[in-house]
Structure formats: C-alpha cells, structure tokens
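A.B. asks: Join the two chains, each given in its own frame, into one complex according to the hints.
If you read the sequences in order, they're chains A and B.
Going by the working numbering, the residue at position 137 of the first sequence is 137; the numbering climbs one at a time, nothing skipped.
Going by the working numbering, the residue at position 107 of the second sequence is 1107; the numbering climbs one at a time, nothing skipped.
Quick caveat, the hints were computed from the structure, so don't treat them as lab data.
Incorrect hints may have been included.
Stated by the list, open to error - Residues from chain B that face chain A, not an exhaustive set, calculated with beta carbons under 8 Å:
no. : residue
1   : N1279
2   : G1280
3   : Q1285
4   : S1295
5   : V1363
6   : L1366
Unchecked claim - Simulated coverage check for chain A against chain B, where a stretch passes if three residues somewhere in it have a Cβ under 8 Å from a Cβ of chain B:
no. : region
7   : 15 to 24
8   : 205 to 218
In this text the structure is predicted, and so the values were computed from the model without any measurement.
Just so it is clear, CB atoms sit at the ideal spot from N, CA and C, and this is done for glycine as well.
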Amino acid sequence: MIEALDISKSYEGGAIQVLRGVSLTVAKGETVALCGSSGCGKSTLLHLIGGLDMPDRGKIAVAGKELDAGNRALDLLRHDVGFVFQLHNLLPDLTLAENCLIPTVAAGTKRAVAEKRLSELVERMGLGHRLNARIQKLSGGERQRTAICRALMNSPRILLADEPTGALDEKTAETVFSLLLELASSEGLTLLMATHDRALAARCDRMVEMRDGRIVEGGHNAGK
Amino acid sequence: MIFLRLILTNLLRHRMRTLMSTAGIAFSVAAMLTVVTVLQGAVGMFSGLLSSDSETIVFEKNVSDLFFSEVPQSALDELTKWPMVEHADAVVFGIVSSHDQPIITCFGITDKDARLRKAAWIEGSVAGFKADGQGIVLGERAAEFLHAHRGDTVPVGHGSFEVVGVIRTSNGFEDGGVFMPLKAAQSFFHKEGSSVITVKLRNADELAGFKARVQAQYPNLTALENAEFNRSYSQFRILKATAWAVGGCGLLLGGFGVANTMIMSVFTRIREFAILRVNGFSQAQVATMVLTEASLISLLGAGLGLAGGSSLLVVMKYVPALHGYVDASLRLSVMALVLVLAALTGILGALYPAFYAMRIRAVEALRFE
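Isolated chain B (complex conformation) (with noise of 0.2 Å):
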C-alpha cells in the first residue's frame, strides 16, 4: 500500500502534469479508434456490396480495382449452368457524377439482384425496376442530395435517367449510390460483360472445386471467397494498414508525452528517490515504481479514450453524410488491443526515467536541492 501510495502522491501532486499526460494518450486513443472503426466500417460496408446474398466473387485477375474489372458476358451465361451454383448475378461498378456530385457511386444489376429485394421502399417497387429498361433506383442519401422523387428526371454522367424508385439501405455505398439496370451500366460504361459475378452455392463445401473449375475454364479470372478476398484485395488491405499506421501515430504522439512527463518527473524527484533508495529500495523497485506511474497515467487516458471515441462514434453514426459508414459497437478485441498498447506506449516512454531514476546515486542525490 505504501508502495502505491507513493506512486499515487505524485501523480495526485503534480495533477495538471498528469492531467496533460493522461489527456494526450486519451486523444491518441479516441483518435485511433475512430479512425479504425470508420475505415474498418468502410472496408465492411464495401465488402457487404460484393457478398449480398452470396458467399463467392469472380473477377478479373491482375486488376488493381474492381472497377477495371471485366468478366465477360459468356462466363456469367456458364456459370449460371453449373449444377453447384445456385444463383450467379453480374453486377457492374462504375463512378458517375451528376451536377452537385462528383462521385456517385453505381451499380448495373439485374432485376432479379438481392439488393432491391433487401432494400426498405421509400418510393416505388421491384416491379418498377426493369432489366432492359432504363429507369434508375437511388438510394436515400443519393435522392438527397440529387433533389430527385419517383419520377423525375436526373443528370447522371452524360446521360438523363428517370428515377423509378427510392430505396434505404443499411449500407452507406449503396445508400449514396444510383442502380441502373444491367445492360444499360454496361452500355453506359462500355462494358461488354460485367465487374464481378457473385455467386451462390447450393452446399459451400464446392468451393474448392468451384474455384478449381473457374481457374481451369477462365484462366483469366478468379474466384474467391468472400472472407478471401477482403483479406486480399490491396485496397482493403491499404485502408486497414492506413487506419492502423495513423491510430499508431497517434498513440506514439500520446506516448511521447507521457516520456515527457515522466522524465520532467524522475529529474525533479531524485532527492526522494535518494531517500527510498537509502531506506532500502532496490534499483528495480525505484525503477518499477517509475513505470507503473506510466502504466496508471497510460491505463486511465486509454479508458478515457476508449470511452470518448466511443461516444464520437455514436455520433458520427447519425451523421447523414456519413450513414452506413460507421459501425458503432465496440468489439472486445479490439478494445483489449487498444488498452494493451496504451500500456505499452506509457511503459515504452517511462523506460529511460526510469533507468535514470534507477543509476540515481543516493549520496550526491542526498545533496540534491
């Protein structure tokens, strides 16, 4: 008790010290759970576009991005006839933009796509969706910001659309996106085939030898699983890299502050730690006693931060521009991870103050003002 009595005395007697301390790390780690949790969020949201109610994708090999991708028209006619698929489905992704909107996201779908089935109505139908027709369903946001009802007319890209329905999705790409009807994307788009195929088994352990048969029948395409490809695709792989390279900056700002902190600590106690030492201290317990009061100041701003970033992300969750982006829950993993590095970080920092605090030489300390 007196040991941590110790340790508490000086971070309660110097609080607006520990205060800065404990503050720089919980901004560190709200920053980096926020970021995390969007571009993880983000990562999820667009690999919901490509799963739907499927668990395989097909798609060119050696492209950088799914938008370069073309799998022609005769593959999708094939694959549709296999004994092991269930459904196959051509989805074409594409970048317009209209007059206020740079970038809108869309979708060329087939009438039949799980999407519109999913999908909560706010104006229309399926049945007013048709494949060979070119009427366009938006998304919530998208009717938003395109100031578009059921009806109208809009400027999508070089071309004018009517707008056939509204639909509310949980996904925030698609709810900012625009889904035109199959065949007229890859007119818009100059596609002869499709981005990717998605597909459905009728028993998922004919994966393999689906993926097997894709390889062997279209060298140039692959087929991967879901779960496969947001492991591999760069972009989802930079995007969770980037997220997790800034939170880690971040929390180094954080842990450099509690280095500060400690070092301006050790340098204005080495009287007191002359004292424990010729009282009996050993080196490491002077030098324990230095990295436990980082660990305490790294531990409570964690849990502020963890605390602070969660509230922001509820926040943000209800901010239009940004629905479907954010996923608010918390995972445990990821908050034990976020505490575990806090920890790390302050222990990290406390290391040289606490080497200094240890090779103290308590007789000349002694005589220290």
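So here's chain A without its partners, still in its complex pose (with noise of 0.2 Å):
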C-alpha cells in the first residue's frame, strides 16, 4: 500500500538534512508504528507520504500510484489518505460536525452521504451527544476523537497520525489509540502512526526505528 524508496529531504537549501535515503514499506491493512526521538525525521516521512510535501529525492508510491506534486497529492489528500495530528488541528469556531465535514466540501461528498458517514463515525468514537459543540468545550481526549473522525470522513484506505496521542493523559492515550487500532482493523485501514510511546508501539503489526534520519530496524515488510 505504501512503498517509498530511498526518500532523502532537507530544509533551508540543504543545512538541515531531515531524511537521508529512507525506504520504507507498509502492507495492506498493516498498523506500523514509527518510532525515535524528537528531529529524527518520523513526521517528516508522514509528511512525505501523505503527500503535504515532496521529497528531494526519492520516489513515493501510495495506493499503486506514484506521488508527485500538484493534482496527485491533493486526489491522495481528498480519497486516499486520513491524517491525525498531534495538536488535533480542528477549527475552534466551528462545530464538531462542521470540522468532521471539512474534508467531504473538499471532496465535493453530497451532504447527505457526508451526514451519514458523520452520523455513523460519531456514534462508534462515543461522540453523538456532542455534534453541535464547539471545539473549544470539547475534552482533549473528544478533540482528538473528532479529529480521528474527521480523518475517516472519507473512507480513506490509509490512515496516518503523527503522534495522535503525544498531548493526551495516560488513561486518554489508551483510548485513542485503541480506537485507532480498532478502526484499523474494523475499516481495513492501513495505519502508518509516529510516536514517541512504546509501549502503545509495540502493540502495532510492526515497529519501525529511526535514528538521525534514517530507518535502523524494521524498514520493511518481513512477509506479515
């Protein structure tokens, strides 16, 4: 589902090199975790194969087809792919239906099938009663909920999520990632997930280790 091949990316004209010649595979309906300290480039690599930004050098295949910039990565963005943040990344003055609709205006979804598949979402992340609240009297554990929602609007195939659990308690943080790990399986997700914990990491189809840019351990697929 996602193949990319000797991916090197730097900031700032080539003074800050992020990814040097990272290749990493990630099977249909696997949950990988990505994990190293802070700068070692797992967001970056997200980033990469989320199609947000374009590598220096390298190729980035998701679904089959080849990432480039432009339309592609927007078609990737609407379709293909669902993205969890750290910081849940909703707009504060709206509502939880109207940030979990955001990506289906951009798809261009009929509202009745976007009011559906909101409907359906909200009642498995435990959210119904909480549809018309705004953001802001929402708990952290319900923003990120509704951020894991809003990324599943469109039924993408692959789900990423750069540290989705990185600002939540301990108690929180299980039920996040449990529920990510619960969709994953019930939607047939392919779950590529950074984190610093490892403990959550290890209950993932396989770890991924990186250190200063480059993958250490577990880049590839051993045949799941």
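C.D. replies: Okay, structure coming up:
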C-alpha cells in the first residue's frame, strides 16, 4: 500500500538534512509504528507519504500510484489518506460536526452521504451527543477523537497519525490508541503512526525505528 | 453550506474589522452616488434650460462655453421663415451680480418663450413681461435672496430693473435666475444677436436637412439635436468625467480598506488555511474563500451605501439652495453599475491576499502559532 524508496529531504537549502535515503514499505491493512527521538524525521516522513510535501530525492507510491506534486497529492488527501495530528488541528469556531464535514466539502461529497458517514463515525467514537458542540467545549480526548473522525470521513484507505496521543494523559492516550487500532481493523485501514510511546507502539503489527533521518530497524515488511 | 459557514465565521469573528471595511465601501458608494447624481442632475438641468419646448439648438461653432456664443439676429430672422421650422427662439445667456449675490444666471428671452408659459406665476403674469420693456421676472429663489417682490426695483449688475413678476420653475438654474426681455439683455450684455437659438421643427425627420442647411448658409454656426449637444458639450463631459472620477477615487479608497482587511484576515488565519489544505482543500478553494469574503463585504457595503446615498439625496432635494439641482430618483442602471463596481473593487482588493493564502505551505503553516 505504501512504498517509499530512498527518500531524502532537507530544509533551508540543504542545511538541515532531515531524511537520508529512507526506504519503507507498508502492506495493506498493516499497522506500523514509527519510533524515534524528536527530530529523527518521523513527522517529515509522514508528511511526504501523505503528499503534504515532496522529497528532494526518491520515490513514493501510495495505493499503487506514484506521488508527484500537484493534482495527485490533492487527490490523495481527498480520497486515499486521512491525517491525524498531535494537536488535533481542528477549527475552534466551528462545531464538531462542521469540523468533520470539512474533508467532504473539499472532496465534493453530497451532503446527505457526508452526514450519513458522520453519523456512523461519531456513534463509534462515542461523540454522538456532542455533534453541535464547539471545539472549545470538548475535552482533549474528545477533540482527538473528533480529529480521527474527520480523518475518516472520506473513507480513506490509509490513516497517517503523527503523535496522536502525544498531548493526552495516559488514560485518554490508551483510549484513543485502542480506538485507532480498532478502526484500522474494522475499516481495513493501513495505519502508519509516529509515536514516542513504545508501549503503545508495541501493540502495532510492526515497529520501525528511526534515528538521525534513517531507518535503523524494521523498514520493510518481513511478510505479515 | 460548510464553505459558506467558513466564510461567515471569519467575518463574524472579527466584527469590528468587518464593520470598518463595510463602512468604508458604504461611504465610498454613498459619496459616488451623491456626486454622480448631483452633477448629472446639474447637467440635466442645464440641458433642460436649452431644450425648453424645442429639440434643436443653434449656436456659434468652436466656442468653449455657450455664454461666449454669438448668433446674429439675421440668423434668427431667417430661420424663423424656413418652412421646416415651427418656431425659433433667441436666448441670451449671461451672468450678472447683485449686491449680495456675485453670480446670478440671466436669461434674455422674448415674451413668447415657453419658460414663461410653463412656469407657475407666484406674482404677476406673462402679460407683464414686455418684449421691448425693461421689466424683469425673477425665479422664486432669486426673489428670496434678492428680497424682492413685484413692483420693487432691484440692482442687477451695473443697472437697476423693475420686477414685474416672480415665477417658480422646476429647473434650479431658472429658479435662481433673472429673466430679462431679449432686447434689454442684448443691450445689457452688449450683444447684437443671441447666445443660442432654440428651434422646434415641424417634423423631427427633417433634422438632418435642417442641420445641413444651417451648415451651408451659416458656416460659423452649428445646429445640434439636444441629445447630441448633451453628449458633445465639453462642459457636460467635464462635469460627468469629474463626477465619475471623484466617485471612482472614493470607491478605490474603500477598496483599499477591503484589501487591508483581507490581508489582516489572511495573515491571522495561516494555520486555518493550512488545516483546510491538509484536509483536501485545493488552492482554488482557498482563494475562492478569500475572494468570496471580500465580495460579501463589498456587496454589503454597497447595499448600505446605496441606501444611505439615496436617503441623502432625498434630504438634499429639499434643501432650498439645491432646489432643482437634485433628482433623487435612482436609475436601476446606476444602482447596478455601482454594485458591480463595488464587488469588483472588493475582489481586486482581495487578489493579493487570496494569492498569498493559496500559496501557504500546509506543513510549515501548521507549526504557525
């Protein structure tokens, strides 16, 4: 489902080398945790795979299609990939429902279809009673579950999560993480997640260790 | 709906900023509307002076202003005899002064002039205005500021004249002016002929023939249909151009206000745009959001400006000094044009902010505080 081959990425005209020849494959339906210390390149790799940025060198293929700048990346974001961030990145002036419907507006989904999907997801997330609540009124866990809901609105095949439990307390983190794994299983999602928490990471199908912009362990699927 | 909600949310989030921008456009539109309407009203009034009950005007060629035009008496005598001419009337235009009024428009006319017949006589009657006499008729406003009534003698310029009547007309220039017998005006202004001859043809289809005949017989004169004159008279063109230029400048200022608001709006929402981009919004969708916000501000401002400007015109119509100058009725074409210009101004003002928003790099912008 995801194939990243010899990816390099730098910033500030090459002064900061973030990724150095990273290769990674993730099979369909697999749950993979990217682990490593801060600054090792986990988030950058996720952004490149999700089409939010382009590598300096190397190739990335997602769902069988090679990524390039422009329309393919946009298409990816609208239909194939859902993103969950550490700081949820919800729009505070909108309600839970309105935030979740944003990806469907971008994708041009019919409102009735979008609302049906929303209704299903919020029930699974336990957020049905908070549909019309403003984001400021939600707890940290509710916000992150809302972010997950938003990421799944267009029924993506891949879920990319960048430290989804990083800003949560232990109990809430456990709840959110379990939800992610359960959704990955029930929705048939391929889950690639960056995390510091090795205990949570161990519950994934595979752990990939990164250090100084390189994958030092677990970069390829050994045959699940 | 979510798209619209995103747009409205931002406008409502910063109410004061939205209000200030809207007010900028509103004042610009109101100013534009007022200036254009008043100046067009003045143009309309002046052309109304000339048309009276005729459709053609004969005057000297290549003069910068009708006040300097000289049409010989012989031309009037001749034109009156042409079969195609129903009637021809000489008019002398001049500017006179009185002790408190430096500028009073003066019309030298015959006792057959339609103005006297159409006006409402407040004092005196048409019979009191003698073609070879020295008695003058005052417009109602002129009588007020000269503090004169029928029977009084008023100083006008270097002479004094008896007031034989006071009339009320719908034309502001006439209502604030002095009507002298033609011969008296010719003597007063040292003219042998008249400033213009207004002509009514028996058949409007004979206009082309009339113009050609005037051209052939009087090479230094020109004959124009009233509408043609309105289009070509330099003073009218200057007034109209000035009106639109002043109004346009005002609208431009309002547009700068919108541009400033949108720039501020975009710069404070970089993270929001990044979130939208990460969730699949295209550059075009982001730009459309910004441009739509600006358009809404402009259209709202334009609507308020039209309402405010119209109200102001209604009030101005009843100001005595502006009597007859202001036509408060709004033409649909003017309203539509103003709305379109306002929307365009808003969109143009938002082009740079929209472009900036489009180019936000989502990954970097998500780190923006």
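A.B. asks: Each hint should be assessed against the structure and marked as holding or not.
C.D. replies: The hints, checked one at a time:
1. Hint status for N1279 (chain B): holds, given a least beta-carbon distance of 5 Å to chain A, under 8 Å.
2. At its closest, the beta carbon of G1280 (chain B) sits 3 Å from a beta carbon of chain A; the interface hint therefore holds under the 8 Å criterion.
3. A distance limit of 8 Å between C-beta atoms decides the matter here; for Q1285 (chain B) the minimum to chain A is near 7 Å, and the interface restraint holds.
4. For S1295 (chain B), the shortest C-beta to C-beta distance to chain A is roughly 19 Å, which exceeds 8 Å, and the interface hint is violated.
5. Of the supplied interface hints, the one on V1363 (chain B) holds, with its beta-carbon coming within about 5 Å of a beta-carbon of chain A, less than 8 Å.
6. Contact between L1366 (chain B) and chain A, as hinted, is supported at the beta carbon level, the nearest pair being about 6 Å apart and thus within 8 Å.
7. Figure legend: the region 15 to 24 of chain A, annotated as covered by chain B; annotation inconsistent (0 residues with Cβ-Cβ distances under 8 Å, at least 3 required).
8. Note: the region 205 to 218 of chain A has 0 residues with beta-carbon separation from chain B under 8 Å; the three-residue rule is not met and the coverage is violated.
In this structure, the earlier hints numbered 4, 7, 8 are contradicted, and the remaining ones agree with it.
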